[in-house]
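Chemist: Given these sequences and hints, build the entire structure.
There are 2 protein chains.
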Amino acid sequence: MGSIIEEARQSAKVNGLTKMEPLTDDEQAVRDIRKLLVDICRQNGGGHGGGAIGMAPLAVALWKKTMRYNPANANWFDRDRLVLSNGHSAILLYTMLHITGYPHMTMEELKLYANAKMPDPVTKKWKATICHGHPEIEIPGVEVTTGPLGQGIANAVGLAIASKQHAALFNKPRYEVTLSRIYCITGDGCLQEGVAQEALAIAGHLGLDNLIVCYDNNGVTCDGPLDWIVSDDTNAKLRAMGWNVIDVSNGDISIDPIVAALELAKSHKKQPTFINIKTTIGYGTSTAGTFKSHHGTYSDEDATLYADPDVVDTHTLSTRTKSYFKSAVEQGRQLEEKWNLLLSEYKKSCPQEAEALQSRLDGTLDGIEDFLLSMNIGDKGVSQATRQYNGAIFNQMMDRVPNLMAGGADLWNSNQMGDQGHRIFDRNHYNGRVIRYGIREHAMASISNGIAAYAAGVRMGALSNLQVIHVATHDSIGEGQNGPTHQPVELDSLYRAMPNLQYIRPATGEEVVGAWLLALQSRNQPTIISLARDPPTVATRGTNRECVLRGGYTILDVENPVVTLVSSGSELQFTFAAAKKLITEAGIPTRVVSMPCISVFEQQTISYQDEVLSSSPHIISVEAYVSSMWARFCTASIAMDSYGYSGSGIGNFTRFGFDSDSIFEKVQKHVKAKPTRRWQLLK
Amino acid sequence: MGSIIEEARQSAKVNGLTKMEPLTDDEQAVRDIRKLLVDICRQNGGGHGGGAIGMAPLAVALWKKTMRYNPANANWFDRDRLVLSNGHSAILLYTMLHITGYPHMTMEELKLYANAKMPDPVTKKWKATICHGHPEIEIPGVEVTTGPLGQGIANAVGLAIASKQHAALFNKPRYEVTLSRIYCITGDGCLQEGVAQEALAIAGHLGLDNLIVCYDNNGVTCDGPLDWIVSDDTNAKLRAMGWNVIDVSNGDISIDPIVAALELAKSHKKQPTFINIKTTIGYGTSTAGTFKSHHGTYSDEDATLYADPDVVDTHTLSTRTKSYFKSAVEQGRQLEEKWNLLLSEYKKSCPQEAEALQSRLDGTLDGIEDFLLSMNIGDKGVSQATRQYNGAIFNQMMDRVPNLMAGGADLWNSNQMGDQGHRIFDRNHYNGRVIRYGIREHAMASISNGIAAYAAGVRMGALSNLQVIHVATHDSIGEGQNGPTHQPVELDSLYRAMPNLQYIRPATGEEVVGAWLLALQSRNQPTIISLARDPPTVATRGTNRECVLRGGYTILDVENPVVTLVSSGSELQFTFAAAKKLITEAGIPTRVVSMPCISVFEQQTISYQDEVLSSSPHIISVEAYVSSMWARFCTASIAMDSYGYSGSGIGNFTRFGFDSDSIFEKVQKHVKAKPTRRWQLLK
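Heads up: the sequence lines are chains A and B, in that order. Residue numbers for the first sequence follow the working numbering, beginning at 1 and rising by one. Residue numbers for the second sequence follow the working numbering, beginning at 1 and rising by one.
Read the hints as simulated data drawn from the structure, not as lab findings. Do not take every clue at face value.
Any copy, or any two copies together, can satisfy a pair, since identical chains are not distinguished.
[Unchecked claim] Taking lysine-lysine pairs in the DSSO-like style, the calculated list, with each CA pair at most 30 Å apart, reads:
(1) K326 / K669
(2) K124 / K669
(3) K581 / K124
(4) K292 / K124
(5) K124 / K672
(6) K65 / K111
(7) K125 / K348
(8) K683 / K672
(9) K266 / K322
Modeler: Encoded structure:
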């Protein structure tokens with residue numbers, strides 16, 4: 001280990017990055033960036049500096065010599081997108097946004113990186129930082145929120161798919177309105193993650209030649225050398241997945257080979273490119289080449305290593321580097337101006353395409369609400385499974401909403417999504433709208449986020465706030481035949497707890513339409529629509545698409561109610577039937593509430609919530625999931641407390657006591673028992 | 001497509017599997033198996049028959065010519081293990097267990113496959129099936145529960161790791177007490193999944209030459225041909241991950257090339273082997289070679305295709321096949337008898353090793369409870385983070401418990417697990433006990449299940465019931481620096497809803513010891529211990545390791561309480577301080593309950609639960625997660641309702657209102673407001 005460090009340090013000295021002789025502009029820039037990174041990591045006793053320091057030449061190659069962007073307008077549409085999949089190196093991204101002149105990314109902001117510990121002692125206000133520990137999409141210049149390793153690669157694949165489709169739909173001879181490429185920086189960590197391997201395989205399969213992944217191959221992880229945990233021939237693996245692979249044997253000092261590799265990659269057709277760049281983590285510092293550099297502090301000696309004799313203060317860039325990057329702002333202005341000119345020519349020559357493009361940029365969903373409100377789906381209460389209704393609704397929407405993209409993980413047939421062969425997006429049809437993701441569910445979710453991020457404008461909020469609609473089928477134990485390994489009984493608890501996610505469990509065709517209304521109206525959040533595999537066997541009356549927009553609503557009301565039953569999804573049918581039986585056979589006045597979306601219900605006024613839920617002494621939820629959120633509203637629950645079973649179809653509901661007779665008996669018994677406990681699971 | 005089917009049908013006819021001429025014993029067996037599979041899929045209008053029919057020759061090659069097993073004792077320790085990663089083909093496994101003479105797997109049971117729809121109309125009892133939709137570990141002969149695609153490959157890697165370690169520890173010259181190999185069958189679906197790619201990379205890295213993966217390469221998925229979604233050069237990819245690759249170009253008819261490939265694989269050293277076997281899904285049937293064969297019914301013509309003129313009934317095997325497989329029982333008996341003899345010799349020659357081996361077989365955790373109960377960890381209330389205590393406890397346990405295996409995903413240093421270099425399990429040290437999993441978290445979890453399954457005996461229960469202890473660090477928003485992408489606020493909701501999983505969130509060093517006690521005592525379920533990154537800043541008194549075994553307990557009691565505060569993890573310290581302030585400064589009698597494990601608390605007697613939680617009008621939970629389960633017990637919650645923030649260390653607790661002053665104020669205000677709502681989130 002010692003020799004690696006020494007070699008790196010000597011190499012730094014010999015090769016001029018710490019020497020005092022005249023440096024080229026690029027060398028000076030790399031040196032200044034490294035100095036600034038050391039200063040930032042020292043300001044708060046830590047940060048992920050090692051990777052960032054190692055990647056400084058790559059950063060100069062990308063931001064100075066390769067990428068098209070406009071610092072004055074981070075959201076200029078035809079910019080190249082950069083995804084930092086090794087997101088812990090975020091400080092490199094912030095530093096480059098600062099150096100290239102993004103106005104919000106001031107040196108004061110960089111000083112707040114990993115430094116927003118406690119509120120201001122005087123004002124008592126919390127400091128807001130834009131230099132988050134990992135990149136967050138709401139910061140201009142950050143394309144996607146890359147958190148857990150590996151997902152950034154999938155996000156980048158999503159952006160590349162969106163850009164490819166955009167180019168295929170809108171580029172015309174002499175009017176190349178989409179030139180945007182996607183650059184992704186990854187470390188070894190991302191490449192080990194399954195989600196990345198899934199995404200890399202899809203990208204190769206689709207031949208996305210607008211995607212360039214730069215691998216910061218520093219051979220070191222958090223715990224030690226990479227060869228402790230990886231024996232892959234990474235290049236061979238990428239080639240086997242259909243990628244073009246380029247090696248850069250030394251990415252520590254000169255940016256020239258990196259620039260050349262990037263140029264080569266840009267010219268390569270029909271394959272995405274993987275550039276494998278050998279670097280040294282924490283290059284030149286006292287912990288260079290070792291795991292200690294990954295996340296830690298730098299010594300006083302490290303602080304002086306890259307210091308310029310003319311510059312005494314920390315957190316400063318030399319005048320030369322400042323002026324070297326000054327052109328970025330002007331270049332960016334010109335790029336956008338040129339593009340705007342092209343666009344106005346395009347509007348004249350290709351007015352129809354220009355209108356469609358504008359609709360895409362605006363994210364218009366023309367009249368979709370009226371369409372959904374008036375759609376006749378022939379829901380007669382007992383007829384089709386919610387996933388069948390969904391297929392029919394989806395097909396009509398695909399005809400109607402050109403901006404809708406979709407995809408499935410090898411369950412297109414089984415989910416009855418209809419024949420979409422004519423709409424397939426593949427390497428021969430980049431103008432398609434339906435993506436065959438293969439059996440790669442995790443990548444599907446992360447790629448969808450990338451696609452949604454492509455056309456999104458400025459985004460605000462806690463995390464990404466991207467409008468991705470996940471259609472989940474095989475809901476609960478109703479997925480009988482595949483057995484308990486395939487029957488979620490706990491996932492609703494996760495989804496309902498996830499901030500800013502809408503989890504909707506519609507019961508009928510009416511409510512599936514309502515779910516889509518809600519999902520499409522919610523422009524700044526993802527939605528999961530959870531659909532059942534089997535048709536209902538009992539008629540439910542009173543569900544209503546518009547009421548879904550309130551999260552929960554009464555479908556059966558009575559005077560002086562003793563019990564309110566709250567349910568969702570497939571179980572609503574049995575609940576409804578049980579309520580009627582409770583009224584007629586047991587003389588227990590029973591109301592029924594359909595609650596397809598708890599989080600939306602909780603956003604309603606207190607008086608509305610009370611009107612729906614607080615008029616009876618007993619409020620009992622009926623749902624074939626483990627009961628978690630329901631105790632917020634309910635005095636008892638009929639719920640799962642085990643895994644499911646290899647039954648068939650609707651029979652599992654009876655097996656686990658969700659049929660109307662079982663509900664009837666449990667509720668009757670419970671009411672008679674005059675329970676005193678705060679909440680109870682009814683068995 | 002038509003031509004593929006026709007080709008397969010013609011090939012079947014030409015090559016003698018449907019012909020009437022004399023067949024070899026193997027051919028007859030393959031034919032009988034295919035006939036039985038068609039019959040089983042017809043009995044209930046469906047099932048996953050296509051893959052199973054295609055793999056019939058592979059099955060005969062494995063069960064007749066390759067694997068070592070004893071039908072009379074499915075748990076004979078030194079058996080070869082088979083993992084069906086494409087678990088939807090479960091009926092093939094059940095059929096082979098039947099044919100080879102596992103006594104429980106009768107023809108009557110096979111008839112219940114996918115046929116346990118509704119209760120018996122007469123007895124009203126539900127039929128129990130042992131032929132679940134996907135393999136389940138509690139059925140003798142099933143090694144692991146392979147559910148979602150890809151995980152079975154990881155389970156197999158875990159079994160291979162365990163077997164390698166076993167051989168390294170216990171095999172002696174002339175006493176090869178462990179010969180067990182791991183066979184895994186996979187389809188293309190598993191290979192697309194990220195978790196499988198993670199696991200394959202680890203297996204190659206570790207050089208597990210006792211692992212043989214057989215790829216049923218039928219080129220078809222649920223939705224259509226495989227080339228719609230996969231362009232990988234699968235063999236090249238596996239080679240790049242360090243695997244030995246063998247091709248079998250036709251696996252449809254003769255078992256000979258498959259047997260030869262398996263023999264080759266067994267002789268190959270220092271690499272795991274991947275056998276790529278070209279097959280035809282639903283071979284010979286009317287839907288052969290197409291996606292329609294994956295999951296569906298078979299026609300009347302299909303039913304006669306493999307029928308023997310002598311055999312009129314469905315669900316029958318020819319006398320010839322029955323007698324061909326009769327030897328399996330006798331062979332198995334001899335294998336186990338020989339092994340038992342070897343073991344008794346071993347006990348004489350290597351008594352110490354034999355004792356250690358026996359302890360391993362029994363799963364003994366010698367005196368670990370007393371050890372943990374008496375362990376001095378120097379917990380003074382304010383000193384170390386729970387993850388630091390955990391590191392110290394873990395190191396002592398590794399010294400003490402030789403049967404403990406462990407591993408980490410590149411956070412060994414960061415989680416302060418101590419220097420375990422001397423215990424590393426790698427290709428040069430198969431006797432090691434600490435696995436470097438790399439940055440492959442999903443595979444780590446699934447491989448751990450495989451390791452746990454290796455030594456487990458007969459297992460009963462709902463799902464796998466394997467004792468795997470997951471130590472999760474970077475708990476909640478206390479993981480400040482990495483920002484909200486790395487701060488779970490919703491995961492506890494998932495874990496707490498997952499049946500048969502223990503989720504423990506200890507607050508102090510005392511409770512970390514208690515968490516290990518609970519985890520080690522719970523022999524039939526997995527546990528997650530969630531640990532904090534930062535040391536407490538406020539002293540908490542009254543936590544107790546033994547009380548953790550009751551899930552929740554009172555740590556501060558008062559007379560005539562008005563408020564009970566319930567908390568866990570890092571927030572307990574602030575809650576405790578807030579309670580003291582509420583008593584002294586606001587005159588509100590306040591109790592404090594520490595609740596490290598909700599599910600265990602719910603298993604206590606009602607009177608104990610009431611004693612801990614029901615003596616005050618206000619019961620308020622304090623936890624920096626989204627509140628889900630708490631409403632079961634509480635009238636209000638101080639909880640997260642958003643994602644976290646890139647703060648630093650303990651500061652995030654203050655930012656989000658979990659410091660003692662904020663708790664004090666929220667509780668005081670709430671009590672004064674005389675709330676009437678059932679449950680409320682305090683802001």
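Chemist: Hint by hint, which ones does this structure get wrong, listed from lowest number up?
Modeler: 1, 4 and 7
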